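J.: One letter stands for each residue in the lines below.
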Amino acid sequence: MSAYRLAENGHLIDRDKPVSFRFNGQTYSGFDGDTLASALLAQDVQHIAASFKYHRPRGVMTAGSQEPSGVVTLRSGGRQEPNCKAPEVEICEGLDAHPQNVWPSLGFDIQAVNGLLSPIFAAGFYYKTFFEAGQTGWHFFERFIRRAAGMGEASRLPDPDRYERANGFADVLVVGSGAAGLAAALTAARSGAKVLMAEEAAHFGGGLLASSATINGVPARQWCRETVLELTGLPNVTLMARTAIHGLFDDNTVGALERVADHKAQPEPHEARHRHWTIHAGQIVLATGAFERPMVFDGNDRPGVMLASAAVQYAACYGVAIGRAPVVMTNNDSGYQSAFDLRALGVPIATIVDPRDTVDPALLEQAASLSVTVRTGHVVASVSGRKGVKGVRIAPFDVRGGQLTGAGEHLEADAVLVSGGWTPNINLASQAGGKPAFDAELQAFLPGAPRPNVSFVSCGSAAGVFDLQSALASGQEAGRSATEKAGVKPLTTPTPTVEPTSPDVRPAAVFDIPPRRGKGKCFVDFQHDVTASDIALAHREGYVSVEHLKRYTTLGMAIDQGKNANMNALTLMARAQDRPIEEVGTTRFRPPYVPLSLGAIAGRETGRQFRPVRRSPIHDWHVSNDAVMLNTGPWERPRYYPKSGETITEAYIREATTVRKGVGMVDVSFLGKIDVQGPDAAEFLNRVYSNAFLKLPVGKARYGLMLREDGIVYDDGTTWRLSEHQYLMTTTTANAALVLAKMEYWHATAWPELRVKLTSLTDQWAGMAVAGPDSRAVLQAVVTDLALGAEDFGFMAVGNGRIGDIPVTIARLSFSGELAYEVFTASHHGLAVWEAIMAAGQDFDIIPYGTEALGTLRIEKGHVTATEIDGRTTADDLGLGGLCSKKKSFIGSALLGREALLENNRLQLVGLVSKESRALLPGAHLTASGSSESAGHVTATTYSPALERYIALGLLRRGRERHGETLTARFPLRGDTHEIEVVNPVFFDPDGSRMHG
Amino acid sequence: MRIGCPVCGDRDAHEFTYQGDGSRTTPPLDADQDQWFAHVYERTNPMGRHTECWLHTGGCRAVLIVERDTVTHEIFSVRLAGAQAAIHDEEAGQ
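From first to last, the protein sequence lines stand for chains Y and G.
Okay, so the first sequence: first residue is 1 according to this note's numbering, each after it adds one.
Okay, so the second sequence: first residue is 1001 according to this note's numbering, each after it adds one.
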């Protein structure tokens, strides 16, 4: 364990700009351009995390978003963010990073004892052990298990940062900016196509950033820089760094996450932390590169065991050497290239271990010239050291048998650099494409063809083209064909010349080294602590399908998403089943490719912007008169108007009492209002309402009940006949839009012959209900041009009048059960009319009342609302059977007579009165005394000032026959039982004399 | 996905509300229980070409009969349903 900063190299860092940051409570110094991983490695901090299940010490294994092990929590307070990959985190002044999943500390992690108990923590252990203890047992243990086996913790504080969503458009979207991506983008851009190139890392260039090759005679890095410069200068090109494409969806709709400000201590004022892009792409070029493949051997998860290519990136890009005596293990020629590159960069590689017996003599010659020892026919059998590599055991290996053939020897080493071949990154292609094809030479899957409604083309190593010159050519071809398909004439550009030829990446089929005598831990999925023996166990227990294996072992889930684990798991599974890998198959990759912040998904739609708010035209009056508002759906409605010191209960009792004894006014602008107009309007209403509507005279209103097609009650409201061909329908607040859409559907598809037009007027009309014995007198004092006397304007009358100069339409309707009127006017006059009536009511001590009192008044009258019209009740259940006409057919009438809807033990509306003089709980179940079997439930409760009792409405089996019975209302979650009496649901003024008076 | 509304032009799918199978015809109100049962509950769920009803909720509020591929979302045809179709045709004729 002795990583260090090299004296030179590291083209991404600026050694003149030191940056200090904190990790695990200590202050460290790095350079501008460092990642958290490179800066910590430079100071030989290798043990930075604890693993998911066994709490084993873990370090950094990779140099990018592939990272499964080196995972940390960033920042604190509301900005705390868990599960960040250290190689992706760019350091900045003041960065504060913490290890996660450790307690009490990283150095002394008490749960590391799980590692000692590991034989029992095999796949499925938790479920087998605790689930079989029964549901109760599982619920008890789950809390502890979740705490022990976990990732980082999210903050419980609100996130202070801003997140945004945006749309992007391109003829050609290029995903990835390595050799193939740059070549594709350049071809499309020079041809004039609108190009968008997205790169998930902070820098463009992908593998070119650490390549030792030359392109057109200049170092690859320089070619990359010049190409990016040319692209930047073109007006038809947009380059996006720190932008990960996470999903490919229908019609080339692409999801992307731009990490706008993650590399800063905190976002600039008004800058978003993350921006989610929905990109509408004509054509998509997938130049997503390839992942170097880890190998499975004892101790392959120790800090200091790293992918060989990652070690090259740390040296080339950040000037960091992984160790003073690293050992390279490779099953293919690219591992040699990495070793030679590292030597050239100043990292002292002394030994290469290769299970193959025969290796290209040119490589051996080059190794010899650098004094690098090559141990062919050998592997790293195990790693010693817990928090870092102290040495390795190098042992002979039989490639055919897949077994160690000897004990081997110990070798001092401080790092193990692994190359198990290369896996094309087909994640996005798999999301939107057909079955991936297995390539036996690469021992990996290649992208399948796109689905019919997505058009992508893969190129470069993502398509299995690893030779740099060929990758550039394949990028150019992908760019050319995408440009052409996007309708732009492609220009041909010469393919750059690459020196030297790239190494052969085809691996020997050696990916796991089974330990001798079966001892040791060989990890397949580092992120989830899934070992080779877990996969063997899953096989023994009959998990044959790859989908089942994944779910049973949790392999490839969470942040890894199969990037490292997938191919090794499939290889082990195929061997256990004695089937070829292509038969075992692979799981389909699902979006998102990288973790998405919930903030980016929500964008600006949080808090008050979560959804549009709807307000009555009288809203401001309510607020300035101390109303406590209530959100019902999008609407903000006055709930009650407390006088100083009043509780909600005191307020609603006072308001409801005043309505019964004097006069009150409530805003009903929230009601749905639909204009139904045309010569056939009456016929239309007669079809959609269950009760008769053909003979409603002009100047009258009628209560209407609407059923669903299946016979269940849908909605109710009053409909006013304003003139021969014009009706105003009101609906419940919640169903306004749905009722309109349903009526439009019936009209358009079933009854196109009816001459009727439906228009929503909800926002055009303001409405208020004036209720109470004094309501007539109040209105008579303020309304002109309309006679409101009892004889002139009877119950359900509708007429037009004026308040001052303002035209109003008044209907004598009652929801409260009192003498009452609904006064409607144009929205912009709503406030003036409200204030005029309030002023006229001063002499009668008029008060405003809110939804609480409204609820009390309606419960006292047994009027139903959404709590009783719950999508399960029929008209008869609610005592409204008489409103289902026997003389006509209407929507719902045909299915009303179904057997189940006529059974005699259905839940029926009843009134309930407390026998204990205390409040009933809505949702409580109604049971016979001494029984716990539910016979119904409580729907709505209140204290009734009129009755001076605690009352409720409920739905009870055969309820109408059971008035007078005593039952128990049970609410087991609150441990409450409550004696109640069943009564008629119309508690107050059952003959309606008050509202008809 | 975009739907070409005959009244408003090519519009984003978010403006529309799906209203179910567009190949069904609502039975007469006085049709018997079996006919209505079949109408309300019996559905095919085809993979591929399907006739659907879409309401242009955030636009002209026309009910559209849309032929769509449920796999690829390719839209083969869009026409106005019933009443609006008659009015539209009439206006077009004038």
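These are calculated hints, taken from the structure and not from any lab test.
Since the model is a prediction, treat every value here as computed from it, not as a measurement.
Do not rely on the hints blindly, as some may be mistaken.
[As the list claims (entries may be wrong)] Ranges of calculated distance between the beta carbons of each label pair, as one might list FRET restraints:
1) Asp1012/G / His963/Y: 52 to 62 Å
2) Arg1043/G / Pro634/Y: 26 to 36 Å
3) Lys886/Y / Asp1034/G: 53 to 63 Å
For each residue, glycine too, the CB sits at the ideal point set by N, CA and C.
J.: Would you mind marking each hint as holding or not holding in the structure?
T.: Status of the hints after comparison with the structure:
Our hint of 52 to 62 Å for Asp1012/G and His963/Y holds, since their Cβ atoms are close to 55 Å apart. Under the hint 26 to 36 Å, the C-beta atoms of Arg1043/G and Pro634/Y, about 31 Å apart, fit the expected range. Under the hint 53 to 63 Å, the C-beta atoms of Lys886/Y and Asp1034/G, about 20 Å apart, miss the expected range.
Checked against the numbered hints given earlier, this structure breaks only hint 3.
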